[in-house]
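Asks: Given next are the chains, with one letter for each unit.
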Amino acid sequence: MNPLPPPGTPGYTQALLANDPLWLTIVKVVVVFALLLVMTLFMIWLERRVVGRMQQRPGPNWNGPFGLLQSLADGLKLAFKEDIRPVLADKAVFFLAPVISTIPAFVAFAVIPLGPEVSIFGHHTALQVADLPVGILVVLACSSVGVYGIVLSGWASGSPYPLLGSLRSAAQVISYELALGLSIIGVVLYAGSLSTADIVAAQQSGWYIWLLPVSFIVFAISMVGETNRAPFDLPEAESELVGGFHTEYSSLKFALFFLAEYVNMVTLSAVATTLFLGGWMAPWPLSLIPGVNSGWLPVVWFISKMFVFLFVYIWLRGTLPRQRYDQFMRLGWKILIPVSLVWIVAVATLRVLRNQYGTISAPVVLMVGAVVLVVAIVVALMLPDRAAEDDGTVAEPPVVGTYPVPPLDLTVPASPPRRRRSVAGSTAPETAAVGSGQKEDA
Amino acid sequence: MTTSIGEAVGFWILGPVALAGGLGMVFSRNAVHSALWLVLTMLSLGLIYMLQTAPFLGFTQIIVYTGAIMMLFVFVLMMVGRDASDSVVEVLRGQRVAAAVLGIGLAGLMIGAVAQSVGVPLTTAAPTGSNVGGLGLLVFQRYLLAFELTSALIITGAVGAMVYTFAGRARSKAITQKERVADRLRGPLEKYGSRSGPGVFATADSVATPALLPDGSVAPESLSAIIEATARERLGHATGLSRPGDEHDTAAHSHHAERGEIQGSQT
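In order, the protein sequence lines correspond to chains A and B.
Numbering (our numbering) for the first sequence: 1 to 442.
Numbering (our numbering) for the second sequence: 1001 to 1267.
The hints are all genuine.
Here are a few chain A residues that face chain B, going by a calculated C-beta distance under 7 Å:
1. Leu132
2. Val134
3. Leu137
4. Ala141
5. Ser144
6. Leu167
7. Ile174
Note that these hints are calculated values from the structure, not bench results.
Positions of the beta carbon are idealized from the N, C-alpha and C atoms, including for glycine.
Construct all of the structure, not just a fragment, from the sequences and the given hints.
Replies: Encoded structure:
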């Protein structure tokens, strides 16, 4: 038993967790594993429901209450499907790839602090499996190893479309991991620690989303790129590459890829919550109530913040079309990385000034920021405008032969007004079913 | 120096794994398999660092070497292709002899260095500050010049590679998506334009709404006897059909007669 440092100091959680008996660690691991599995099942259902709602259709609503058991049924169905291996596949790597992609996704969640110090069967411990002094690097390492699963699966399939998918994935990961790492640096500079528990503790006075908005935006964008989700789902782009890297996979191997994708989403949402949204701490108006940040209650705050990110994931998928590959690369290399580099220099300068000249008050920072902004605007106004490329009017395309092309000012008729959703056994009269074209005029 | 039991067990598991990875890399025939064996070696090295209570170094090893550098290797190998094999033709004269001599020399140097360090007891001084802090002090204060020189070298290498790649290539103006669309609409459609599909000019998606032909008239085939008879009659009059039921034959014939060459794609 090591002597514990006083609560609140850096490394306290680490020492606390080091005193955990073995059975407690095993219990935590099992609980986290189960949590991630349930979250995956729930997320698949939620995604289908929310995207359905956004596309004006009900989504799965048949199995279980609200269709909640749909993903369970789908998972069971996948398990009973035939496992097919292409003739040209590289046997060992083809088998290994889904495993490589799934395991790191689960491992990364071990460093996420779900809550503060609690008492489990008389043992004082923190709601976290492990707290390493370099905790946040574990997340980066796990994501960089996990991508091998995707890259190798495409290569091992021995077929062209998966290979293209895995090539895209390799390039994508190299580009977006840089941006992800750079956006974390700002947080680490402010928290003064790489440990996730210490980062949460450092946000006691204010969340980093307010202090480091640029880091947050870069992190949020590259988080989507890192998990291969729409609009950055280029490795599996089903309209271009059939199914991308998992085209040739079936049965449980495919299920593992699916699992890894959703677990990665959950893990990165949890990381974003930890880094920028104050982890398990209660949001502002609630945080004024005493005792709201202790005991088991913070788990609720944590999970709800995580769901904000997960909802945004789904929202993005329902809203944005897939990016073209060159647009995606340009965004990563020409926007995200330079912006984060400049931002890190600014943050580091501010930190050094603060350390050298004592506390810099917020008004000073705001005034300097305002002066910089004014200077930037003046400089931008003094720069000569780019010459207009054309006069703004595009000539009407000529009619070639007898074949008409649509006029440039073609007005698209407005969508019919959205009706109340009534899926089955609706009592509302089906007004729009007959002749919607005529009804619009009325 | 004493070694704890955990560290010893870890070393005797990870050491052979790392060694097996190295041997696998040398002896495997497939280039991607070689790269994977090397990944295994690097992962075990990272874990050994962690065992030696240098977690920062261990995770950086995994992130940088396994995650970024080996990923680049795998990327290039996949571009080369699955079945590409090494060429046995000696491009440079005497290359093999030189490689053998240099390799043996390097091995001799390394064995010498390791043998020298075995007898000497290691310094057991703890690093100043924390794991990360001590490393940072060394890199950014004591060895700052070497660090900066190395990074300048690497950047020069990267820029040089790009210059070689793009040298001598005329800087052509990229065609934007807008220009491409305008070009396609203005250019000869027969050549590379695709004709708009049926329904492009439709203003409603109801089955009761008749389809329009490219000239804006109602397609008689789209009128149904079952749906919306009044509208059908109205439209039938508009298109000049005398009897409902005739429209198929008469209209089709007249259309063929008028615009024979585009009917093929429309009906």
